[in-house]
Amino acid sequence: MRLAGKVAAVTGAGQGIGEAIARRFAAEGAAVVVNDVDPARAGKVAAGIEKDGGRAFALAGDITKLEANQALVAAGQNQFGRFDCFVANAGVTHWNKPMMDVTDDEFDRMFAVNVKGVYQAAKACVPLWEAQGSGNFIAIASTAGLRPRPGLVWYNATKGAVIVAIKAMAAEFGPKGMRFNSICPVATETPLLAAFMGGDNADNRSRFNATVPLGRLGQPADHAAAAVFLASDDSAFITGVALPVDGGRCI
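For the sequence shown, my numbering gives the first residue as 6, with consecutive numbering after it.
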């Protein structure tokens, strides 16, 4: 088990990529604090992990607030005795549409969840990790931050901000034993897929798949596998990367 003995928190883990990461971490031996804004979703995933023989604790909360992120770190310590890894996965988007049609509310919500959520998570983790001399932070960014495309202008901007912030934190906190990396998924089979593509239908899928050398959409399991690698000691000398998990779309 590649994560045996480690304790991690995963935000937005009630569905989609976050759920896949939480379940895969548990299968690899980690104890997982399962966060979601919806308590029922968080509880269901945590219960499923425990049913499968893993260790999990559900804790709902609004990750745009520092206190909610601090509570996740504290839950790892209180429930499982330590805290090693934070996966900042929670994210939102707007429907694929022209930039001029994006509302102030949509803009503010994306930057609050996608960018401020990472900011608050890092602030919650760094004091503990500085004291213990180690820590591992993984943000789920997007290929939208590497290869922006029309229709998602400000979503692209949020993910670009995350990628740069992760690199900057890797440089700042590396000397203190901390690693910061991001994963950049391509469009993936999650509840957000329809919004990304402007509708989930056969034509949109076909057009998108044609832009991916490996010829398909991402699956949550693809990104969970990448997260396991970055959370494990196999990646001990890797920090500051923005890892595309995209079937080659960003080539």
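Bear in mind the hints are in silico, worked out from the structure with no lab data behind them. Check before you lean on any hint, since a few could be wrong.
Below, a list of computed lysine to aspartate or glutamate pairs in the DMTMM-like style, where the Cα atoms sit at most 25 Å apart [what the hints assert, rightly or not]:
hint, residue 1, residue 2
1, LYS128, ASP67
2, LYS49, ASP113
3, LYS70, ASP43
4, LYS181, GLU111
5, LYS102, ASP208
6, LYS172, ASP238
7, LYS128, GLU177
8, LYS181, GLU72
9, LYS121, GLU111
10, LYS128, ASP43
11, LYS172, ASP208
12, LYS128, GLU194
13, LYS181, ASP208
14, LYS181, GLU135
15, LYS70, GLU33
16, LYS102, GLU194
17, LYS128, ASP106
18, LYS102, ASP113
19, LYS121, ASP67
20, LYS70, GLU111
21, LYS102, ASP205
22, LYS56, GLU72
23, LYS181, ASP238
24, LYS49, GLU194
25, LYS121, ASP110
26, LYS121, ASP106
27, LYS121, GLU135
Now the in silico label distances, taken between C-beta atoms and shown as ranges [stated by the list, open to error]:
hint, residue 1, residue 2, range
28, ASP109, ASP67, 36 to 46 Å
29, GLY253, GLY204, 16 to 26 Å
30, PRO180, ASP109, 17 to 27 Å
31, ARG152, ASP67, 42 to 52 Å
32, PRO196, VAL169, 22 to 32 Å
No residue lacks a Cβ here, since even glycine has one placed at the ideal position from N, Cα and C.
Results for each hint:
1. LYS128 with ASP67: holds (15 Å)
2. LYS49 with ASP113: violated (29 Å)
3. LYS70 with ASP43: holds (15 Å)
4. LYS181 with GLU111: violated (37 Å)
5. LYS102 with ASP208: holds (17 Å)
6. LYS172 with ASP238: holds (19 Å)
7. LYS128 with GLU177: holds (13 Å)
8. LYS181 with GLU72: holds (24 Å)
9. LYS121 with GLU111: holds (14 Å)
10. LYS128 with ASP43: Status holds; Cα separation ~23 Å.
11. LYS172 with ASP208: The hint is violated at about 37 Å.
12. LYS128 with GLU194: Roughly 31 Å separates the two Cα atoms, so the pair is violated.
13. LYS181 with ASP208: violated (49 Å)
14. LYS181 with GLU135: holds (6 Å)
15. LYS70 with GLU33: Violated, at about 29 Å.
16. LYS102 with GLU194: holds (20 Å)
17. LYS128 with ASP106: violated (33 Å)
18. LYS102 with ASP113: holds (16 Å)
19. LYS121 with ASP67: Holds, because 11 Å separates the two Cα atoms, which is no more than 25 Å.
20. LYS70 with GLU111: Distance of about 18 Å is within 25 Å: holds.
21. LYS102 with ASP205: Since the Cα atoms of LYS102 and ASP205 sit roughly 14 Å apart, the hinted pair holds (cutoff 25 Å).
22. LYS56 with GLU72: violated (29 Å)
23. LYS181 with ASP238: holds (17 Å)
24. LYS49 with GLU194: Holds: LYS49 and GLU194 sit about 20 Å apart, inside 25 Å.
25. LYS121 with ASP110: Holds, because 15 Å separates the two Cα atoms, which is no more than 25 Å.
26. LYS121 with ASP106: holds (23 Å)
27. LYS121 with GLU135: Measuring from Cα to Cα gives roughly 21 Å; hence the hint holds.
28. ASP109 with ASP67: 36 to 46 Å: violated (20 Å)
29. GLY253 with GLY204: 16 to 26 Å: Given range 16 to 26 Å: holds, Cβ gap about 24 Å.
30. PRO180 with ASP109: 17 to 27 Å: Because 40 Å falls outside the window, the suggested range is violated.
31. ARG152 with ASP67: 42 to 52 Å: The hint (42 to 52 Å, Cβ to Cβ) is violated, given that ARG152 and ASP67 are roughly 30 Å apart.
32. PRO196 with VAL169: 22 to 32 Å: Since PRO196 and VAL169 have Cβ atoms about 27 Å apart, the given range 22 to 32 Å holds.
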